[in-house]
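A.B. asks: If you read the sequences in order, they're chains A and B. Our numbering applies: residue -3 is where the first sequence begins, and numbers increase by one. Our numbering applies: residue 270 is where the second sequence begins, and numbers increase by one.
Do not rely on the hints blindly, as some may be mistaken.
[Stated by the list, open to error] For each label pair, taking beta carbons as the anchor points, the in silico distance ranges come out as:
1. D34/A / R569/B: 42 to 52 Å
2. E523/B / E209/A: 51 to 61 Å
3. D189/A / V397/B: 48 to 58 Å
4. G207/A / A510/B: 17 to 27 Å
5. L637/B / Q196/A: 29 to 39 Å
6. M138/A / P570/B: 52 to 62 Å
Worth flagging that the hints you see were computed from the coordinates, not collected in a lab. Quick reminder that beta carbons are idealized off the backbone N, C-alpha and C, glycines included.
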Amino acid sequence: MKRYGMSIDLDKCNGCGACMVACAVENNIPAAPENANDRKGITWIRVYKIDNGEAWPERRTAFVPVLCQQCGHDTPCAHVCPQQAVDVDAKTGIVGQMTERCLGCRYCMAACPYHARYFNWWDPKWPAGMEKTLNPGAAPRMRGVVEKCNFCQGRLHAAQERAAATGKSEIDPADYVPACVEACPTGAIRFGDVNDAAKQPDSFRLLEKLGTEPKIYYRSKREWVRKVASAPGRNKAVANG
Amino acid sequence: MDKELIARGVKRCSTGRFLLWILPWVGLLAFGLFAAALCLVKGLNQTNMDNRFAFGLWIFLDLTVIALGAGAFFTGFLLYILKVKELKAVINSAVVIGLVCYSGAVTVLAVDVGQPLRAWFTFWYPNVHSMLTEVTFCISCYLTVLAIEYVPIVLKNRRLRDVPHLMVFEHELHKLVYVLAGVGTFLSFFHQGSLGGLYGVLRGRPFAFREGLFIWPSTFFLFILSAAAVGPSFLICITWAVEKISRKRLVRQEVYRVLARISGLLLAVYTAAKSIDTLVWINRTSPGAGFLAEQYYSWRPFGTWILLVEIIGCGLVPALVLLSPRLRQSTRWMVAAAAVACCGVALNRFVLTVQTLALPTLPFDEFLSYVPSWQEVGTFLAVVAYGVLVYSISFRYFRLFPQERELRVESAAAEAEAEFELVER
C-alpha cells in the first residue's frame, strides 16, 4: 500500500473555496452557530490569501489552501496526545483522529504549527431537514473533541471495501480521492503517492525546517510566492505589507 | 460558639467575625461555581478560547498556582529529608497551601477539557511519549499524597483528639510522614518538570521548543528549579499576610530568614540557568528551526522588555535582595522580594503559555490576541475563594503554626513584665 501525499499548485488556485465546501459536506461539518467567529469555526481546509507586499499596480496575490499536513516524522500532535487519540497509519501515512477517544484537552492544537486542528466548541447542529444530507461514511463529532483533515478516510475505507469485495488486495488509485481534490475546478490539488508529489518541480513544504516531514507539497513557479509561503513565521515587515 | 474546636493556647476571633470574613469568599465561590457550571453544561463556547488560542487563562494560572504550591513539597523535602528543623514551624501551612493549589488546579483542568468524563482514558490508554500523561499521573498521585498529609493536621483538632481511634490513626499516620515526604518530593519534582516539558517539547512552536537532556527539554529542569525557588517565597508571603490579617505572630523571624535564604539561593541558580538557556535558544535552537529570535519580539506588546523583566527584574533583583543578610533583616524588603519572585514565576508561565500561542508560525498567519471571558475569570476566582476558605478554616480550627502558642506566651510574658516595670516605676 502506498503512502499518500498531496501536491497543491498555488499558481492554479484561484481561492474559490470549493475545496472547503466539498470538505465540509463530505465530512459532516456542521454550520457554525451565529455567535461563532472566524477563529471558532471548523474548516478542515482553509484558504489563506497572500500578497507580494507591493503597492498597486505591482501588487500580486496568491491563495494557499492549508489543511492537516499529515506530518511524517515525530508527528507533533500524535506525540503529545495523552491518550493516544491521534493515530498515525504506518501503511498509508495518514494521521487520523479518534474523536471517540479524544479528551478535548487541545494539547494537540497547541502542538500543531499549521493550526490545522479544530475543536468542537458547540454541539453539532444542522438546520431541520439538512441532517438527511449527512454522509453516512463519516461519523459526526460531538462537542468537546478535536477534529482535523484525514484525507477523507471514509472514502479510503469505502474503496478498500470495494476492492475486498472484488477480491483485490490493493485499491484502484482512481477509486480513492479526497473530496477537495475532486471539487477543485482548476485541478490545483493533486493526490496520490507522496513520492510523486515530492518530485513535482518548484515544490516546497510549509515550515520545512521544523523537520516534521509534511506530506503536503506546494508548487509555484513564482519566486515571491515560494518565498512568502515557505518562510518560517511571519515577519513584522511582511505583516505590515 | 465553636470555642471547643479551637486549639488550646491560641486565640481566634469570634464566630460572628469569622463568618463575616468568610461571607464574601462564599459569595465569590458561588459566583465562580455558576461560571464553571455554564462551561460544563453549555460547553467551552462560553470561553474566549478558540482554535488558535487553544489554551488560555486557565492553563496559565494553573501552571502558576502549581509552581507557587511547590512550597509544600519543597518544605517537606527540606524538613524531613534534609533536616532543616526551623521549617517545622511552617510545614502544616505549606501542606494546606499545596493542597489548595493542587486541588484547585485539578478542578479547573476538569472544566478546561472538552470531555471531562473521559479523563480516566489517560490512565487506560496512556501515551508514554506525552508530557501530559506524565503530568496527569504525577499530579493525581501527588494530590493523593497531599490529601493524606492533610489528614493528620485535621485529626490534631482538639475535639477530634477526644476520639481514641482517631488519635491512634493519626499517630500511625504520622509515622508515614517521612515516606510521604519522600514520595511527594519525587512526584512533585517530576510533575513540576513535566509541566515545563509540556511546552518545551513542542517542536512545532519554536518560541517554546527547547533542547535538553535525553527526553527532557531544558524547561523541564527550569520549571523544577523555579518552583523550588518560589515555593518558599510564596510561603513567606502567605505567612506574612496571615500574620497581618490575624494580627498575631505566628512564626519566629528566624524561620522567615531561613525561607528567604533558601529562596534567594535557588532563585539565583534559576536566574543563571534561565539566562544560559535563553542564550542557547536565541543562538542555536530557534535559528535551527528556521526562526530568528528577533521575530518573536517584533510583536507588541511582547518586546524584549518582557525577557528582561522576567530574568533581571523578577529573577536577579529579588535573588540578590533575599541573599543579602542586611536586606533580609528588613521584613519589608524580604516580603517585597518574595512577592516579586512569585510575580516572576507567573510572568514566566504567562510567556510560555499565552505568548507562545499568540505568535504566528505560518508566514501568512496573524499575530493574535485573546481576552478571557467572564466565565473563565469567574471559574478561576472560584478557586481563589476556595483556597481562602480552606486556608481560613484550617487556620481557625487546626494548628497550622506550632510556634504560635509559644510566641503568644512569650509576648504575654513580655507584656506582663513591661506592665510590672511600669507599676514599679
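A.B. asks: Does each hint hold? Answer for all of them.
C.D. replies: Hint check:
1. D34/A / R569/B: 42 to 52 Å: 22 Å Cβ-Cβ, so the 42 to 52 Å window is violated.
2. E523/B / E209/A: 51 to 61 Å: holds, 59 Å
3. D189/A / V397/B: 48 to 58 Å: violated, 32 Å
4. G207/A / A510/B: 17 to 27 Å: violated, 48 Å
5. L637/B / Q196/A: 29 to 39 Å: holds, 33 Å
6. M138/A / P570/B: 52 to 62 Å: violated, 38 Å
Of the hints listed earlier, those the structure fails to meet are numbers 1, 3, 4 and 6, in rising order.
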